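Let the hints inform the model, and build the full structure from the sequences given.
There are 4 protein chains.
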Amino acid sequence: MSFEFPVRVYYEDTDAGGVVYHSNYLNFFERARTEFLRDLGFEQDTLLAQGIAFVVRRCEIDYLMAAKFNDALTVTVGIKQLKNTSIEFEQKIVSSSGNLHSVATVIVVCVDMKKMKPTRIPANIIEELKSDS
Amino acid sequence: MSFEFPVRVYYEDTDAGGVVYHSNYLNFFERARTEFLRDLGFEQDTLLAQGIAFVVRRCEIDYLMAAKFNDALTVTVGIKQLKNTSIEFEQKIVSSSGNLHSVATVIVVCVDMKKMKPTRIPANIIEELKSDS
Amino acid sequence: MSFEFPVRVYYEDTDAGGVVYHSNYLNFFERARTEFLRDLGFEQDTLLAQGIAFVVRRCEIDYLMAAKFNDALTVTVGIKQLKNTSIEFEQKIVSSSGNLHSVATVIVVCVDMKKMKPTRIPANIIEELKSDS
Amino acid sequence: MSFEFPVRVYYEDTDAGGVVYHSNYLNFFERARTEFLRDLGFEQDTLLAQGIAFVVRRCEIDYLMAAKFNDALTVTVGIKQLKNTSIEFEQKIVSSSGNLHSVATVIVVCVDMKKMKPTRIPANIIEELKSDS
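Chains A, B, C and D, in that order, are what the protein sequence lines are.
Residue 72 in my numbering sits at position 67 of the first sequence, and the numbers go up by one each step.
Residue 55 in my numbering sits at position 50 of the second sequence, and the numbers go up by one each step.
Residue 44 in my numbering sits at position 39 of the third sequence, and the numbers go up by one each step.
Residue 111 in my numbering sits at position 106 of the fourth sequence, and the numbers go up by one each step.
Source of the hints: derived by calculation from the structure; they are not laboratory data.
Treat the hints with care, since some could be wrong.
Because identical chains share one entry, a pair is satisfied inside a single copy or across any pair of copies.
The list that follows gives simulated cross-link-like pairs (lysine to aspartate or glutamate, EDC-like), each with its CA atoms no further than 20 angstroms apart [claimed, not checked]:
#1 Lys-85 to Glu-65
#2 Lys-120 to Asp-50
#3 Lys-73 to Glu-40
#4 Lys-85 to Glu-95
#5 Lys-97 to Glu-40
These numbers were taken from a predicted model, which means no experiment stands behind them.
Written out as structure tokens, the structure reads:
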């Protein structure tokens with residue numbers, strides 16, 4: 006049902022508390038969304054060249070268990086709601102040993118980067134997202 | 006009523022979309038919380054040496070208007086709720102020209118780093134937080 | 006003789022080794038170069054809007070002593086050599102207690118971002134840099 | 006002769022200039038060194054638990070061609086010199102289309118994290134590194 010992407014924790018991701026720094030989970034979530042779109046056939050550099058970007062509008066993120074240096078994590082991507090100009094994702098980070106580290110709801114908006122305004126998600130992307138979910 | 010801390014946007018904070026990368030807002034929010042605690046007389050390296058850290062448990066963040074390279078921002082810190090082991094902060098990022106870029110609710114838990122379990126916020130910190138709010 | 010800029014070490018800058026992650030020193034060095042240029046009257050967002058950016062071409066960096074979480078650092082900026090299209094900076098990171106944490110030589114090139122080719126540093130910047138050094 | 010590790014460029018790695026932010030190349034180089042050691046059978050979290058870390062002592066890095074958002078890069082790891090307490094690596098970043106983006110020489114020192122002093126590289130690691138090069 007949901008897309009999965011592996012992420013390894015490197016020194017760069019950790020902090021002096023010995024665990025993954027909290028904002029870096031958002032990076033991991035975005036990497037997975039990028040790979041999810043790539044897997045559907047959409048490259049975001051192509052979209053950006055067309056003046057379109059998926060911009061994060063809202064995040065709700067729960068940190069349930071600290072991920073540590075060198076952990077092998079899996080980041081999931083599921084679609085909760087699909088609208089004309091936005092996508093609501095449900096995402097999780099789990100470890101190879103089955104621990105649930107974090108869950109997040111992330112709303113991204115399709116933005117016309119010149120006008121810096123929301124715009125319709127391209128029809129071919131909508132189509133793929135619908136057939137995928 | 007609320008603490009304020011200035012943050013300048015450098016190249017490191019931006020992304021290829023020309024705006025501040027979404028996860029970096031969480032860094033700005035934490036810098037301000039750190040300075041807020043310092044302003045009350047509490048240094049987090051001292052706390053960490055005592056095995057105590059404030060760990061983010063949950064974030065809700067709304068991105069209202071993209072901040073850009075070189076922007077001079079102000080990050081605010083207010084306390085919404087104070088419990089025995091956790092603090093719920095309300096934070097905002099505004100620009101020098103008065104734009105509201107982001108609002109966030111951040112719950113941090115006082116954690117015993119050896120046990121990796123929640124622990125009571127030290128009494129002197131609780132006292133200062135209460136007299137401050 | 007040289008410009009100085011204060012940098013505070015936050016959790017975001019550290020890693021699981023308990024010290025500042027090595028690549029983040031480059032961020033600190035760039036923040037100081039940005040403030041150095043601002044101090045001379047040049048804003049890099051204005052330059053970028055004109056299609057000009059200062060791009061790092063080469064770094065040599067020595068890590069002499071680890072900086073730690075919460076350290077109050079000073080980053081210095083000095084000019085070693087000024088050419089038509091590039092600037093060679095000498096920079097240091099010292100702590101408030103006088104420890105020398107890092108020294109670096111950083112060569113930045115003035116780049117025409119449309120052509121992605123080196124271009125002459127604007128005459129007014131050259132002038133200010135010369136009168137400053 | 007040399008180890009290779011793939012790195013994808015995400016939004017988090019780029020800056021408002023539209024290219025990979027210069028300090029992030031150091032992150033890419035370290036990810037590859039970490040995977041190189043893992044490939045030889047050494048996990049750095051295990052080493053860190055033993056109080057040992059490989060700490061960067063010096064970097065020389067040339068930025069030859071800007072890497073861009075979404076680029077598929079390959080990071081190489083070669084050993085230039087092996088000493089009792091340090092390793093000098095030669096590393097490159099090349100794109101899938103064969104462009105050479107960056108070359109670096111990175112000296113890492115084996116550090117006793119309690120004493121924060123250089124210590125001998127464990128014999129089994131030395132052995133593997135010698136047989137590998």
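Checked hints:
For a Cα distance limit of 20 angstroms, the shortest separation of Lys-85 from Glu-65 qualifies both inside one copy, at 13 angstroms, and across copies, at 17 angstroms. Taking identical chains as interchangeable, the C-alpha atoms of Lys-120 and Asp-50 lie at most 20 angstroms apart whether they share a chain (18 angstroms) or sit on different chains (18 angstroms). In this assembly of identical chains, the alpha carbons of Lys-73 and Glu-40 lie at most 20 angstroms apart only when taken from different copies (16 angstroms versus 23 angstroms within one copy). With identical chains, the CA atoms of Lys-85 and Glu-95 are at most 20 angstroms apart within one copy only, with a shortest distance of 6 angstroms there and 27 angstroms across copies.
In this assembly of identical chains, Lys-97 and Glu-40 lie within 20 angstroms of each other by CA distance solely inside one copy; the values are 15 angstroms within and 25 angstroms between copies.
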